[in-house]
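Please construct the entire structure, taking both the sequences and the accompanying hints into account.
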Amino acid sequence: MIQVYTGEGKGKTTAALGLALRALGAGFRVLIIQFMKKGDYSEIKALKKFNNLEIKQFGSHKFIDKSKIKKEDFERAEKGLAYAIKKIKNKKYNLVILDEINVALDFGLIKKDRLIKFLKNNSLSTEIVLTGRNAHDKIIKLADLVTIMNKNKHYFDQGLKARKGIEY
Numbered sequence: 000m001i002q003v004y005t006g007e008g009k010g011k012t013t014a015a016l017g018l019a020l021r022a023l024g025a026g027f028r029v030l031i032i033q034f035m036k037k038g039d040y041s042e043i044k045a046l047k048k049f050n051n052l053e054i055k056q057f058g059s060h061k062f063i064d065k066s067k068i069k070k071e072d073f074e075r076a077e078k079g080l081a082y083a084i085k086k087i088k089n090k091k092y093n094l095v096i097l098d099e100i101n102v103a104l105d106f107g108l109i110k111k112d113r114l115i116k117f118l119k120n121n122s123l124s125t126e127i128v129l130t131g132r133n134a135h136d137k138i139i140k141l142a143d144l145v146t147i148m149n150k151n152k153h154y155f156d157q158g159l160k161a162r163k164g165i166e167y
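Everything in the sequence shown is counted per numbering that gives the first Met the number 0, starting at 0 for the first residue and increasing by one.
Hints listed in this document are in silico derivations from the structure and should not be mistaken for laboratory results. Treat the hints with caution; some may be incorrect.
As the list claims (entries may be wrong) - Capping the alpha-carbon separation at 25 Å, the derived lysine-lysine pairs in BS3-like fashion look like this:
1) 86 <-> 48
2) 9 <-> 36
3) 67 <-> 78
4) 111 <-> 140
Structure follows, in structure tokens:
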């Protein structure tokens, strides 16, 4: 199945990581590819303790401004997509999470048609989760499950900063 976790609310990556934890507990092999993040965040530190898990990051250590995208941002995202396609095709993993791939698509860092063609034309034996805001309509239509996280209220709006162990 193809799952999409999108929307403006908090919890898209958190939900995907919860699914990864469940899959790992069942003895599944899990691959997490992060498109917009790079760093040793708290969840990465915890997940690295599992043997049947691989994590690859193709993002930047810095926030990518949509209006100031650099050549390196395109290159990293394209490498991430190529890596994901290769790993999904080899059918080694039961679950592959493409974290923030919807944002990479929205920013134009990867080619939407390439991803959609791959997802459509493969008889997937792998559960695939695509996370991130602004999921493209074609991705939503293609997915078997779509969860849209809505923000009704968020403490960031009152100026609270991201907190270790809660947001990262």
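Given pair status - residue 78, residue 67, alpha carbons within 25 Å
Since the Cα atoms of residue 67 and residue 78 sit roughly 20 Å apart, the hinted pair holds (cutoff 25 Å).
Holds or violated: are the alpha carbons of residue 111 and residue 140 at most 25 Å from each other?
Given that 25 Å is the threshold and the Cα spacing comes to 13 Å, the pair holds.
CA of residue 9 to CA of residue 36, is that 25 Å or under?
16 Å, holds
So if I understand the rule, the pair passes when the alpha-carbon distance is 25 Å or less; does residue 86 with residue 48 pass?
Distance of about 21 Å is within 25 Å: holds.
Comparing the model with each earlier hint shows no violations; every hint is respected.
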